[in-house]
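In order, the protein sequences belong to chains A and B.
Quick note on my numbering: the first sequence kicks off at 1 and runs consecutively.
Quick note on my numbering: the second sequence kicks off at 1001 and runs consecutively.
Read the hints as simulated data drawn from the structure, not as lab findings.
Predicted model only: the values in this text are computed from it and were never measured.
Glycine residues also receive a C-beta, built at the ideal position from the N, C-alpha and C atoms.
Please note that the accuracy of each hint is not assured.
Claimed, not checked - Derived CB-CB ranges, DEER-like:
| id | chain 1 | residue 1 | chain 2 | residue 2 | range |
| --- | --- | --- | --- | --- | --- |
| 1 | A | Gln-271 | B | Lys-1100 | 49 to 59 Å |
| 2 | A | Ser-169 | B | Lys-1106 | 19 to 29 Å |
| 3 | A | Gly-272 | B | Phe-1069 | 24 to 34 Å |
| 4 | B | Pro-1022 | A | Ser-243 | 17 to 27 Å |
| 5 | A | Pro-250 | B | Ala-1010 | 48 to 58 Å |
As the list claims (entries may be wrong) - Pairs of lysine-lysine, BS3-like flavour, derived with a Cα cap of 30 Å:
| id | chain 1 | residue 1 | chain 2 | residue 2 |
| --- | --- | --- | --- | --- |
| 6 | A | Lys-25 | B | Lys-1100 |
| 7 | A | Lys-264 | A | Lys-308 |
| 8 | A | Lys-308 | A | Lys-278 |
| 9 | A | Lys-451 | A | Lys-468 |
| 10 | B | Lys-1028 | A | Lys-278 |
| 11 | A | Lys-468 | A | Lys-406 |
| 12 | A | Lys-25 | B | Lys-1028 |
| 13 | A | Lys-451 | B | Lys-1106 |
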Amino acid sequence: MYRTIAQLDAAIDSLATTKPDLCTKFALQNSFEGRPIFALRLRAGGGTDRRGVLMVGGMHARELMNPDAIIELAFDLVQAYTSHAGLAYGGATWTPDDVRILMETQDIWLLPCANPDGRNHVMKPGGVWFWRMNRRDNPNTPCDGVDVNRNCDFMWRVIGPTTSCDPCSSLQTFVGSLPFSESEANNIHLLCDTQRIDLFVDVHSFSGFVLYPWGHAPTQTTQPLPNFTDLLMGFCRPLDPPSHQEFMPPADLSEYQTVSNRIKNAIAAVQGSNYVVKTIYQVYNGTTTGTSTDYVYSRHIANPALRKTFAYSFETGPEIPGDIQHSFQPVDPEPIKNDTKAGLIALMHQSICVFSFLGETLQSGSVDSIRAARDEVLLTSENGRAWVDLVNDIQIELAVIVLSDKALTERALTLMSRVQELAANKDRATVTADDVRDGVDFLESLRSRVKRVELGDAISVVIEHLQKGDGQTVEAILKNLTQSTPPRYK
Amino acid sequence: MEEGQGGNDALLATRFDATIHPGSNSDKKDWADALDVDRVPARDGEVRALLTLQDLVRLLEQGFEVRLFRAYGAEPLNPALIMPDEVFKNWLDDQVNTLKAKPDPKPLIDRDL
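Looking at chain A on its own, in the form it has when it is part of the complex (with noise of 0.2 Å):
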């Protein structure tokens, strides 16, 4: 069954009034017909310039089941958090320690409901089960509404096949009379703006994908310019040329496929549901523009200034053939929802980076040399995106290990420290026997540490590379790194 807004809300107002230690409403711009339409913040363990997801759901009206499946994670986290218990949807599974991790190092932003006068009227009495935009009163036209999701800031106004300047089209995707007219899709833009957002997720239903950029175009990883922001845009024309395809760096389109696929792993490992990975683009296979989930990746692009912020998009729940309806507002969603709360929770795992938490979060510093040695060296070979796999596997048991440890969590600092500044210099500083001694000191206390022997076998290797790198440059111990692969893990 599926929650009216009412309920949405006093869930929300639940949660924050019951663990205001944990859970947070914001009061974000109402929508059009005056409804309040809330965030709610999830932060364990304090500390500021943390690491930040934002989820969002029911920006298209009919899509039911979404809303309901953020609000229940929410309260799903909060549970195990103050429980120190584990998550389990069918056969995905987090533990304990996982939970902590996701709770205590970065911020979680659930917006459960981004277009709740469009649910309201999916619901009520006189309503349409099909109704997809929001309830805009569009002047001087006897029809309603605006797509929220193609009234975002990012190619506004380009027609497609899935996008429209005519209020009254077939489409029901009219793309306002300004970007961003929409509270609703204005929302998203402001808690961007006003929060720090590295990952970024839109659900949407139905068809089972996971979704990257880019929407508006076919990616490419090899031309740089012309990029959009040299394209024609707001004259309610077709993307001209017909022939552009837009630039992603090859490192970006990398870490889209692996988390991705990590997502469609998670959510097949509920049930053995069978999500595909694609871009924006491929869904309709033709230019689809405004969308949140563009326009929060672009950000960066349009304005260097900007924090980068990887975004996606889902589309939950089977197509069921010949039966529109029902793939919208299944009888049962239950199943659907597990899948859709293990493949954010799998987003979110994503976004843990315990370099950034030890250097930014606790340190109040930078590890901007770290990320662009990694992004230089390493993910630019297959070898060097295995071992950050690697990493990435490994780093929640490690952070526990270290982050319950004083003194440890002290050394990890100072080493951090040490390697921001060779990696800043990372192709004349050279790492010295005190730099290896300290580093392999720190990583066989880890190694005493770690209850699976597969662990203690992974540090290994690594020790065995730092063990070589007295005298030479951070960037040559890292592509010496990408010449070998690194050790099996699970």
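With chain A held as given, fit chain B onto it using these hints.
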């Protein structure tokens, strides 16, 4: 309202679950780009949409082939699919009571380093 007007209105408001095929437009590479219909994501790349009666007539006149699978009335969500307030209250009470019974844990991470 004249007799029969209600039925006519209902028909005009009906939506059809349909797939659209190029028909006589098969020589046009981008035939699906300007259909002006309410597209829904389709798993296997088909062009699937919710059509109005007017959409259907227009597409047929334009030479497209349209396969209809189901007709839907312009009605709100089946009320049986909306969570009754009592069920919601019980769910929320369960959640809140469980949470109230647990103190916030001491964070793993010591911020005073």
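Now for the hints, and whether the structure bears them out:
In this structure the supplied range 49 to 59 Å is violated for A:Gln-271 paired with B:Lys-1100, their Cβ-Cβ distance being about 32 Å. Between A:Ser-169 and B:Lys-1106, the C-beta spacing of about 56 Å breaks the proposed range 19 to 29 Å. Hint check: A:Gly-272 to B:Phe-1069, Cβ distance near 26 Å, so the stated range 24 to 34 Å holds. The hinted window of 17 to 27 Å between B:Pro-1022 and A:Ser-243 holds, with their beta carbons roughly 21 Å apart.
For A:Pro-250 and B:Ala-1010, the hinted distance range of 48 to 58 Å is satisfied, since their beta carbons lie about 54 Å from each other. Between A:Lys-25 and B:Lys-1100 the CA atoms are separated by roughly 18 Å; this keeps the pair inside 30 Å, and the hint holds. Restraint check for A:Lys-264 and A:Lys-308: satisfied, since their Cα atoms lie roughly 23 Å apart, inside the 30 Å limit. Only pairs whose Cα atoms come within 30 Å are accepted, and A:Lys-308 paired with A:Lys-278 is accepted, the gap being roughly 21 Å.
For a cut-off of 30 Å, the pair hint linking A:Lys-451 to A:Lys-468 stands: about 26 Å separates their Cα positions. Under the criterion of a C-alpha separation no larger than 30 Å, the hint pairing B:Lys-1028 with A:Lys-278 is consistent with the structure, at around 25 Å. For a cut-off of 30 Å, the pair hint linking A:Lys-468 to A:Lys-406 stands: about 29 Å separates their Cα positions. Between the alpha carbons of A:Lys-25 and B:Lys-1028 the distance comes to roughly 52 Å, so the proposed pair goes past 30 Å and is violated.
Restraint check for A:Lys-451 and B:Lys-1106: satisfied, since their Cα atoms lie roughly 23 Å apart, inside the 30 Å limit.
Figure legend: structure checked against the earlier numbered hints; hints not met, in rising order: 1, 2 and 12.
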